[in-house]
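Sequence order for the protein chains is A and B. Going by this note's numbering, the letters in the first sequence line up with residues 101 to 348, in that order. Going by this note's numbering, the letters in the second sequence line up with residues 666 to 1260, in that order.
No wet-lab data here; the hints were simulated from the structure. Some hints here could point you the wrong way.
[What the hints assert, rightly or not] Covered stretches of chain A, as calculated for chain B (at least 3 residues, CB under 8 Å):
hint, stretch
1, 102-112
2, 117-123
3, 225-234
4, 328-341
[Stated by the list, open to error] With a straight-line Cα cutoff of 20 Å, these simulated EDC-like cross-link-like pairs (lysine to aspartate or glutamate) come out:
hint, chain 1, residue 1, chain 2, residue 2
5, B, Lys-829, A, Glu-287
6, A, Lys-115, B, Glu-783
7, A, Lys-314, A, Asp-240
8, B, Lys-829, A, Glu-135
9, B, Lys-1165, A, Glu-142
10, B, Lys-700, A, Asp-130
11, A, Lys-141, B, Glu-1176
12, A, Lys-115, B, Glu-1184
13, A, Lys-141, B, Glu-1134
14, B, Lys-1174, A, Glu-287
15, A, Lys-115, B, Glu-860
16, A, Lys-141, B, Glu-783
17, B, Lys-1008, A, Glu-135
18, A, Lys-238, B, Glu-1176
19, B, Lys-829, A, Asp-221
20, B, Lys-1008, A, Glu-206
The structure displayed is predicted, hence computed values, not measured ones. Idealized CB from N, CA, C, for every residue including glycine.
Letter by letter, the chains look like this.
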Amino acid sequence: MIEVNIYRYNPETDKFPYMQKFNFEMPDRDIMVLELLNTLKESDPTISYRRSCREGVCGSDGMSINGKNGLACITPVSEVAKGNKLELRPLPGLPVVRDLVVDMTEFYAQYEKIKPFLQNDTPPPNQERLQSPSDRDKLDGLYECILCACCSTSCPSFWWNPDKFVGPAALLQAYRFIADTRDTRTEERLESLSDPFSVYRCHGIMNCVSVCPKGLNPNKAIGEIKSMLLTNKRHEAEIIASDGGGRS
Amino acid sequence: MVGHLNKDNIQTLEFDALIVGGGGSGMRTSLELAKSGLKTAVVSKVFPTRSHTVSAQGGITCAIQSADPNDDWRWHMFDTVKGSDYIGDQDAIEYMCSEGPKAVFELEHMGLPFSRFENGRIYQRPFGGQSKDFGNGGQASRTCAAADRTGHALLHTLYQNNVKEGANFLNEWFAVDLVKNKFSEVTGVIAFSIESGEVAYLKSRATVLATGGAGRIYASTTNALINTGDGLGMSLRAGFPAQDMEMWQFHPTGIHGAGSLVTEGCRGEGGYLINADGERFMERYAPNAKDLAGRDVVARSMVLEILEGRGCGPNKDHVLLKLDHLGEEVLNAKLPGICELSKTFAGVDPVYKPIPVVPTCHYMMGGTPTNIHGQAFTSENEIDNEVPGLFSVGEAACVSVHGANRLGGNSLLDLVVFGRAAGLHINEDLKSGGGVEEANSDDIESALHRLNKLNESNSGFEVAEVKRELQEVMQNYFGVFRRGEFMEKGVQALEEIRNKCDNLHLHDKSESFNTNRVEALELQNLLEVAEATAISSLKRNESRGAHARDDFPERDDENWLCHSLYDPIKKDLKKRQVNFEPKTMEAFPPKVRAY
């Protein structure tokens, strides 16, 4: 038997959110947190949460599980229940729609802001564009993101400035297109991130890395973007310096 | 959603084209239409990248002549026709295989991160049922892959390009029923916002059902929890037919217990199945293709091994997929997602130990019958009559390129080829004045009936219990092997379940993010699909492709070389001719199907 505490809030009936306690009889095998929720929902159909693939690839069921963001469908209860207690809360930092469902509008807006699509200014050939395996390897660890928002909603910088700081998930995708040898808009992409907020609000706290259910490393991608921006700045400064000399 | 809903207390939103479903086929259709300047919307019950296309692993099969510069789309066509056990429509298969390369190159240009060969071209791997030279040249490598995450890469790429083109999405909206006017034209759908509960009549000149499969009719399935056949449920309730519904693919390798898919690409890369004696048993059943025979063939062989006592584990209820001989490096490079899934759901690292697997419901070959433009039709006296305003694409549709058994990698190709074709056709049709007449308030009220009844329920049956009952009936009576007397019991049981589905109790009547309401509506869709499946299965008195009957073990070309067309009103089955008239070549005549 484990004690499960679930964050409950229905905007139509509840003035304030509250934690509801359930006693859950564990089956004789280990189960995922999602299966536990599905079972509880059979007795209380009002519990609300998102779910789809139930195998960790669609990114629907990100939530705070005993204080750490993760996907309910690939988190075994045995690994997270502490002292036979399990606490489930919505992803932090985003408005709650109901129970474990958060409003992801701001998260998706940041994703769209980085222009998450390949841009190539040359006309496409009749076949595929060629890419060497080693160039393709540069996309590994980037393209696999499932947009579950576990990283961005664990990031204090994103909590403070969800409208201005792009956040780890979208920055990982920004770098996915910068790193793609088929994309020709690298300079423009870097330029759009060069303000004080978009990328520089990342202070390397690394929560994103520790929670990513796919084992990705947004912090590394952000580091790459920052160093490319710095190289660009230095390059710019050199141009201005040499140019200034020529003009005088 | 308070009180009885009618035309006057819900809002009407008007569109030129409406796409129900935001998976691969829906988003490929919408991409085409987003570029056209027409007013369109994608209605998706989940944020589009949560759609089930995301779970596709192994790849997209297409003769792009990368692994083999001499590959030929006609060989792909031959394989697909043979794989379909000769009831795939040859004009549609010809269209898919010949248009395929264009569609795949388009995806690459959109940014899909395909794996690569040393020469920089798209990586292709061998998959089941693939051959060179019309079956005479040995195994082909024709499945284009992004590691073992091709569906994820494809779905995200399509979403990204929809964002690029400014496509309009109604995300987390649930479509309830089709609105049909007195001319039997489809004029849109009733839908509601899951987040707010707001109900609307989404009126449209063209409505595309791209709602995917319905694997959740079975207790054990590789399908996502959202695969509840919503589009097919709607079209069956509206009285439109469904084709080849007895044809359900059981994927040979679902993880035992969890049901998660393990890609055929594992066997393509050199993995193979073993029984409790450690024997590579597929050598006995398919001496040439072995583990890469058609999926129906492999699934049946596995079940026979288990039935004959050579299953593995304490209950002898599964077999093993051996991969460790491929080595850690290959597994990490080519099958990283499988290694992850296997560790999570089977507790096994394939680098060291084989994965416990069992045939698991995977794909619905049947669906709403359409032509190659996605246009849905009804059929009377051997004549197909298009349903104005109604289209379907992807797994929800039956165009039919998969016939009685789909080949691995052909579903992703189906999505993009026919999603694109439907988009092109609708664009042309609407710009030349196509469309439908108005629906009146009675038409709209009948489409609101189901929602009203559920909202007004004060007692009745429990959604979770009835769903479990339905899934068990389907699993027990309509599985890999089928028999008339058992199926009759199944059909009877479904009659009772229909009564329960008509009288569900919705406990939660609230507006905001009410998943209780969504699940009740989904269950009613599952029932429609289950019943169509059950009756079609019972009436097809032969074994063909995925439909294997103990009591009719042989293929019967004399009587059943045809599609089945299920009529939801009469609950009866008609026969419909298979197309044997490809445009550019001679048809492939039916032959004995051996691998």
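Going through the hints against the structure:
| no. | hint | result |
| --- | --- | --- |
| 1 | 102-112 | holds (count 3) |
| 2 | 117-123 | violated (count 0) |
| 3 | 225-234 | holds (count 8) |
| 4 | 328-341 | violated (count 0) |
| 5 | B:Lys-829 / A:Glu-287 | holds, 19 Å |
| 6 | A:Lys-115 / B:Glu-783 | violated, 61 Å |
| 7 | A:Lys-314 / A:Asp-240 | holds, 12 Å |
| 8 | B:Lys-829 / A:Glu-135 | violated, 37 Å |
| 9 | B:Lys-1165 / A:Glu-142 | holds, 17 Å |
| 10 | B:Lys-700 / A:Asp-130 | violated, 49 Å |
| 11 | A:Lys-141 / B:Glu-1176 | holds, 18 Å |
| 12 | A:Lys-115 / B:Glu-1184 | violated, 26 Å |
| 13 | A:Lys-141 / B:Glu-1134 | holds, 17 Å |
| 14 | B:Lys-1174 / A:Glu-287 | violated, 52 Å |
| 15 | A:Lys-115 / B:Glu-860 | holds, 18 Å |
| 16 | A:Lys-141 / B:Glu-783 | violated, 51 Å |
| 17 | B:Lys-1008 / A:Glu-135 | holds, 18 Å |
| 18 | A:Lys-238 / B:Glu-1176 | violated, 46 Å |
| 19 | B:Lys-829 / A:Asp-221 | holds, 14 Å |
| 20 | B:Lys-1008 / A:Glu-206 | violated, 34 Å |
Against the hints set out earlier in the document, violations occur for numbers 2, 4, 6, 8, 10, 12, 14, 16, 18 and 20.
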